[in-house]
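Order-wise, the sequence lines are chains P and V.
So the first sequence is numbered by the numbering used here: it starts at 60 and just counts up by one.
So the second sequence is numbered by the numbering used here: it starts at 3 and just counts up by one.
Fair warning: there could be bad hints in the mix.
[What the hints assert, rightly or not] With a cut-off of at most 30 Å between alpha-carbon atoms, the simulated BS3-like pairs for lysine-lysine come out as follows:
#1 P:365 with V:206
#2 P:365 with V:225
#3 P:355 with V:47
[Unchecked claim] Not close to chain V: a few residues of chain P, all C-beta gaps over 12 Å, as computed:
#4 153
#5 208
#6 289
#7 322
#8 352
In case anyone wonders, no lab produced these hints; they're calculated from the structure.
All C-beta atoms in this analysis are idealised placements derived from N, C-alpha and C, irrespective of residue type, glycine included.
The chain contents come next:
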Amino acid sequence: MNLKLCEVAKPGFFTTVQDLGRFGFQRYGVPVSGAMDTYAFTAANLLVGNKPNDACLEITLIGPKLLFLSEAQIALTGAAFYPTVNEERVACWQTLQVHKGEALSFGSSQNGCRAYLAVRGGINVPVVLGSRSTYGRGDFGGFHGRRLNAGDLLEAHESTAPLASGFWMPTEAVPEYTGELLVEVVLGPQTDCFTERGLETFLSGVYEVTTESDRMGYRLEGAEVERKDLMDIVSDAIPVGAIQVPRNGKPIILMRDAQSTGGYPKIAVVTTPDVSRLGQVKPRDRIRFSKVSPSKAREGLLEHLKALSMLKGRLVESEL
Amino acid sequence: MQTLYQSAKYLPVGDNALLVEFGSTVSLDVNRRVHVLDHVISKAKLKGVKECVPTYRSLLIYYDPSETSYEPLIFKIKDLEAKLEGSSVFAHERVLEVPVVYGNEYGPDLGYVSRYHGLHEEEVAQLHSGRDYTVYMIGFVAGFPYLGEVAGEIATPRLKTPRLRVLAGSVGIAEKQTGIYPCESPGGWQIIGRTPLRLFDIEKRPPALILPGDTVRFRPVEKEEFENLSRDE
Chain P
60 MNLKLCEVAK PGFFTTVQDL GRFGFQRYGV PVSGAMDTYA FTAANLLVGN KPNDACLEIT
120 LIGPKLLFLS EAQIALTGAA FYPTVNEERV ACWQTLQVHK GEALSFGSSQ NGCRAYLAVR
180 GGINVPVVLG SRSTYGRGDF GGFHGRRLNA GDLLEAHEST APLASGFWMP TEAVPEYTGE
240 LLVEVVLGPQ TDCFTERGLE TFLSGVYEVT TESDRMGYRL EGAEVERKDL MDIVSDAIPV
300 GAIQVPRNGK PIILMRDAQS TGGYPKIAVV TTPDVSRLGQ VKPRDRIRFS KVSPSKAREG
360 LLEHLKALSM LKGRLVESEL
Chain V
3 MQTLYQSAKY LPVGDNALLV EFGSTVSLDV NRRVHVLDHV ISKAKLKGVK ECVPTYRSLL
63 IYYDPSETSY EPLIFKIKDL EAKLEGSSVF AHERVLEVPV VYGNEYGPDL GYVSRYHGLH
123 EEEVAQLHSG RDYTVYMIGF VAGFPYLGEV AGEIATPRLK TPRLRVLAGS VGIAEKQTGI
183 YPCESPGGWQ IIGRTPLRLF DIEKRPPALI LPGDTVRFRP VEKEEFENLS RDE
């Protein structure tokens, strides 16, 4: 059963349907896609009693305006975009009851880049190659393979029952987005393409995120990373979070919609938890890189996965 | 020239992947190893291995660290790799014929490529369609096959400024590689023709038409056949 959820009155800057990503198809050139900030995404789903992988809206920099066509239980997490329902401020990181005919609007974000809107039951779009995430370049996944436009009608899965009571996320589990981020990286796999000085520059410099940054990757401005030569490598696979350095020496962090293969040498790969944190970085924010050993990074990933699996238990029940 | 490393390199990639690299150049020997290892790993169904991405010269292996740790996984993969010699490569060995209209609006760079080499357009088309190609990998966008190698006489550098819009089905050359754009996208390859074949279909498993292990042969066709075939696709 499907529920007419809402009409998109204004699409916002860049709003897409995402889940946790499309796995198993990178060998066919398909990027993983999925929520850029997996922590905020997962939290949004849990706040409406969904499974962690149910489809949500990912909202970027400027929020949409949505007119609700039925009763709905929703949650907003991630960057604070000053959401209002019928022009009254509503809170983020908690379950909200929205009524038929009400309008959800957003301001713009001061801190953070992306917000997530979860709806009880999950956004209903077809599963394509195992995922509901949007892959714009391939024109598939999400809502007709594209970002939302004005006039689009979104459906939700009609879940068995609405929640009897809501939840909120305790403050200590709500991240702060400061515009400065120390990003943990594992060096390699092509460190041998860089000089000692290049590696030092990379690990000591402050890099600014440029406006040429999107779900495919972030181009950075800052000290040029010196390469041993200007020969590119024979193309190999690009994991999410890989940092490639083209001939101009300016690093590019490849994000979830990046192409699956490429020929620029990769100086390092961002750890999984910090790829998620990078999802909240916006143009003009500042990044520094810090090196961790592969084994330390793996321990960090296990802790991160454990924290995500325990997130549900941290929610506080409240009246709706 | 020694193209295969003496022994494969095992490199950690981020916190959840492992790269097995067999060489640093484009070589049939190296690429064959990559695909054989990929095949052997998928048959072995190693616990915790989530996804493998074979490319020209290396195999990227993603694993779930909550199901396996790094060292035992390397140990198992080295064991499989040691037995690669003599393994058969692919379950399927297909020859795929790809119909192509060369030149004019179908191949806007055929003129440039032929002038670059001092050849007639027909000669470029003949050289391009006159040999069998190996599928080295799929990458760049969903279903894009990297094929090689083209005859030295038609190997051409990429465009100085990439096009913002390359049509689906466009057949291009970049140095010694040739490839086919499965969907409309930006691109910097020299476009010499276009095929009506649909290279990527989300309803099919696998979704990509052309796969490593296939042999690809281009067949020159006229516009009329292209239009007829387009209707069938």
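Taking C-beta pairs only, is residue 208 of chain P more than 12 Å away from all of chain V? The claim holds: residue 208 of chain P sits with its nearest Cβ about 19 Å from chain V, beyond 12 Å.
Please confirm whether residue 289 of chain P is truly not at the interface, meaning its C-beta sits more than 12 Å away from all C-beta atoms of chain V. 15 Å, holds
Looking at residue 153 of chain P again, its CB stays over 12 Å from all of chain V? Fine: 30 Å to the nearest Cβ keeps residue 153 of chain P off the interface.
Taking only the CA atoms, is the gap from residue 365 of chain P to residue 225 of chain V under or equal to 30 Å? 59 Å, violated
Do the alpha carbons of residue 355 of chain P and residue 47 of chain V lie within 30 Å of each other, as the hint requires? Status holds; Cα separation ~27 Å.
Would the least Cβ to Cβ distance between residue 322 of chain P and chain V come out above 12 Å? 9 Å, violated
Is it the case that residue 352 of chain P keeps its Cβ farther than 12 Å from each residue Cβ in chain V? 9 Å, violated
30 Å limit on alpha-carbon distance, applied to hinted pair residue 365 of chain P and residue 206 of chain V: 36 Å, violated
Hints 1, 2, 7, 8 from the earlier list are contradicted by this structure; the remaining hints agree with it.
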